[in-house]
Amino acid sequence: MKPLEDYLVVDFSQFLSGPSAGLRLADLGARVVKIERPETGDICRHLYTSNVIMNGESSVFHAINRNKESFTADLKNETDKQHVWELVKKADVVMHNYRPGVMERLGFDYESIKAVNPDVIYGEISGYGDTGPWKDKPGQDLLLQSLTGLTWLSGNNGGPVPMGLSIIDMLAGTHLAQGLLACLVRRSIKGEGALVQVSMLESAYDLQFEAVTTYYYDGLLPQRTEKNNAHAYLGAPYGIYKTANGYMALAMGSIPQLAQLLKCDALLPYTEVAQAFHQRDEIKAILADHLQSDTTESWLSILQPADIWCAEVMNWETLMQHEGFKALNMIQQVQMQDGYQYQTTRCPIRIDGELLTSSKGSPALGQDTGNILQEIRSGVA
Amino acid sequence: MVKPLDGLVVLEFSQFMAGPTAGLRLADLGARVIKIERPVKGEAGRQITIRNIFVDGSSLVFHTINRNKESYAADLKDPEDLERVKKLIAQADVMTHNFRPGVMEKIGLDYQTVQTINPRIIYGVVTGYGSEGPWAARPGQDLLIQSLSGLTYLTDTHDAGPVPFGLAVADIMCGAHFVQGILAALIKRNKTQKSVLVEVSLLESVLDLQFEVITTHLNDGRKLPQRSKNKGAGHAYLSAPYGIYRTADAYLALAMGNLHKIGEALDVDLSDYGSRESWFEQRDEIIDKLALRLETKTTAEWLAILEPLDIWCSEILTYAQSLHHEAFAAMGVKQNVVLSDNQELSTTRCPIRIDHNRLYSPVAAPWPGQQTEIINQQFNLTGA
Chain A
1 MKPLEDYLVV DFSQFLSGPS AGLRLADLGA RVVKIERPET GDICRHLYTS NVIMNGESSV
61 FHAINRNKES FTADLKNETD KQHVWELVKK ADVVMHNYRP GVMERLGFDY ESIKAVNPDV
121 IYGEISGYGD TGPWKDKPGQ DLLLQSLTGL TWLSGNNGGP VPMGLSIIDM LAGTHLAQGL
181 LACLVRRSIK GEGALVQVSM LESAYDLQFE AVTTYYYDGL LPQRTEKNNA HAYLGAPYGI
241 YKTANGYMAL AMGSIPQLAQ LLKCDALLPY TEVAQAFHQR DEIKAILADH LQSDTTESWL
301 SILQPADIWC AEVMNWETLM QHEGFKALNM IQQVQMQDGY QYQTTRCPIR IDGELLTSSK
361 GSPALGQDTG NILQEIRSGV A
Chain B
1 MVKPLDGLVV LEFSQFMAGP TAGLRLADLG ARVIKIERPV KGEAGRQITI RNIFVDGSSL
61 VFHTINRNKE SYAADLKDPE DLERVKKLIA QADVMTHNFR PGVMEKIGLD YQTVQTINPR
121 IIYGVVTGYG SEGPWAARPG QDLLIQSLSG LTYLTDTHDA GPVPFGLAVA DIMCGAHFVQ
181 GILAALIKRN KTQKSVLVEV SLLESVLDLQ FEVITTHLND GRKLPQRSKN KGAGHAYLSA
241 PYGIYRTADA YLALAMGNLH KIGEALDVDL SDYGSRESWF EQRDEIIDKL ALRLETKTTA
301 EWLAILEPLD IWCSEILTYA QSLHHEAFAA MGVKQNVVLS DNQELSTTRC PIRIDHNRLY
361 SPVAAPWPGQ QTEIINQQFN LTGA
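So the protein sequences, as listed, match chains A and B. Under our numbering, think of the first position of the first sequence as 1, with each following residue one higher. Under our numbering, think of the first position of the second sequence as 1, with each following residue one higher.
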């Protein structure tokens, strides 16, 4: 039995942040119904999100929206609205990621839904919260990375470098799922509904909670190293280094011990622990030079037995061929209603020793509208 | 306010980052989180520093991750201490640990045994790489996990080599997934009245972080990500103009949008790139053209042109600018916790708001064993 079996989630959200929360709830066992506008649907089906088209729609849409149903409704049409009302009355969770004010105009805001469904758990994701000078700005990942200081942490010292994924979107979705689940826990004990709100802004600072706290403490901005930067706040050797045949990562390890193990005499003068931080550019340059003299395998065979934290650097191709990856069973095959099959990843959480997989692919736009209408008419949904 | 997890008791045997960040979230959501630590020294994370900063005897990092918790000192190898811990487990809702495989079995606090002490426990385990396979015994460290997972080929430019995300994202995502799993397990328990086992790993979490792009990889003939050659490139799978550009005085971020509208607004001729496909295929060329143009005006001048047209763009802020910005203050993200000497430490709050409430707590991280006595009394651990 999956934890959220018998729960109905009505999801008005689009793109990545909200729908990624919906996906997590679906994998945990909930029935998730996407409310999509006729003809176009979730904008993520077609626009700007990847140039890989699978079965007519963006690969990204298929990744985010598997294991869900699709119900089309024009939220400005009275009949359609009535149908959606029937659904939200029965919902355990309702969620959206419209800009502040839109759901109020459409009539599906928390107060209105609570009036007919008092113990509903209602979730919303905004870009920047519901107050302050940025509240009407577009909640887009790169802009959030840019505004919250995140672009000064990755890559080497120099200009801003974004993290190469929509990480704030995903994190906001993750936090929304946490809040919804916490309130479902409370509801399962006390029967109370709740409003859960997150924003990409708050999520972006939460991601950087250590760095922000450090800034408050010493007022210093993050300083990336000139080369081999992996973390602006950590000393040498922390970084990724080129070897004779590839790359390796070196996390922690005392410099004198590394000097000995790697037979790198140039590192011997750095005997003080504090030097590993204050002279990290020098130390990294010496290491970078030295590590190119032999292969990754050869270095790892010296360092790993000595319990130095290090690893090879892989791309997806080498990773997926590795037994260590295969042992995780991280890839699953799913199938759409029309028979189209594709591979994707599964939920990263295991419950009672079981993988939370589902063979259900993403829905074609509106594919479940007929069935759901019938359920509504017969009073099931 | 009554927080959603009020009344729940969480025992945290976890150390370092992933497990304890989960504990922090549960605490902020209202749970009573008690760290079980070895006497005097406490958990190993107290010694892990960034910039070598210590506060009140423990690292600043530890304070950031472990505020709003209590600490119970126990030597799990001492039979009397272990007996008290077992009595505590019998009254808890959740326990978490990130010991390597076999350690809890040796102590006698493995899942099988704990179920006999508390048949309704949620038992959460964090590992680096799962409990099977050739990597299971490797150290579960963030940079190593990023390096194995393919994540380092997504950031920066195509000639930059592997570039990690400059934060412990594997730890952070894993901690976040751990919270989700534990909460889902509590929901399940409230139906079945039975214990639930929750397992997460850093590697699975950082693969999940890449779910969109890995799905694309699995279905595009398994091509590897192609990062742009342009400095400031934003995303290997997104078309022009996505990225950060130099301006006459600073930088400007341009997100996705209709390229022709953007070209018109910037007065750059992009008529050669008629189809959306070309925005992907000739991405680097287009970015070059935009970059040349964007260098000619200041960031403020560009924003004044682009923002009224609803083109998605932004200036680039540092912490010095962002954390003092009115928008940051309006959301009340900063909070202070009170240390044992009454000094205050500033940090961030929980990013989730419940019933219009921002979740604050002034409680700082405990010193090792700070609440041992009171917990002994409240849970009746020393009595017969």
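Hints may be right or wrong, so weigh each one.
What the hints assert, rightly or not - Label pairs and their computed distance ranges (CB to CB): (1) A:Lys-89 with B:Asn-190: 21 to 29 Å; (2) B:Leu-339 with A:Ser-358: 44 to 52 Å; (3) A:Asp-136 with B:Pro-119: 38 to 46 Å; (4) B:Lys-191 with A:Lys-89: 32 to 40 Å; (5) B:Ile-107 with A:Glu-375: 32 to 40 Å; (6) A:Lys-114 with B:Asn-190: 46 to 54 Å.
Unchecked claim - 30 Å max Cα-Cα, derived BS3-like pairs, lysine-lysine: (7) B:Lys-289 with A:Lys-137; (8) A:Lys-90 with B:Lys-191; (9) B:Lys-261 with A:Lys-76; (10) A:Lys-190 with B:Lys-191; (11) A:Lys-360 with B:Lys-289.
As the list claims (entries may be wrong) - Now the stretches of chain A that chain B is said to cover, found in silico as 3 or more residues with beta-carbon under 8 Å: (12) 79-90; (13) 98-107; (14) 177-186; (15) 218-226; (16) 279-290.
If you are wondering where the hints come from, they were derived from the structure by calculation, not from laboratory data. Don't be surprised by glycine CBs; every beta carbon is placed ideally from N, CA and C.
Going through the hints against the structure:
no.	hint	in the structure
1	A:Lys-89 with B:Asn-190: 21 to 29 Å	23 Å, holds
2	B:Leu-339 with A:Ser-358: 44 to 52 Å	47 Å, holds
3	A:Asp-136 with B:Pro-119: 38 to 46 Å	52 Å, violated
4	B:Lys-191 with A:Lys-89: 32 to 40 Å	23 Å, violated
5	B:Ile-107 with A:Glu-375: 32 to 40 Å	51 Å, violated
6	A:Lys-114 with B:Asn-190: 46 to 54 Å	22 Å, violated
7	B:Lys-289 with A:Lys-137	27 Å, holds
8	A:Lys-90 with B:Lys-191	19 Å, holds
9	B:Lys-261 with A:Lys-76	28 Å, holds
10	A:Lys-190 with B:Lys-191	13 Å, holds
11	A:Lys-360 with B:Lys-289	44 Å, violated
12	79-90	violated (count 0)
13	98-107	violated (count 0)
14	177-186	holds (count 9)
15	218-226	holds (count 5)
16	279-290	violated (count 0)
Comparing the model with each numbered hint stated earlier shows that hints 3, 4, 5, 6, 11, 12, 13 and 16 do not hold.
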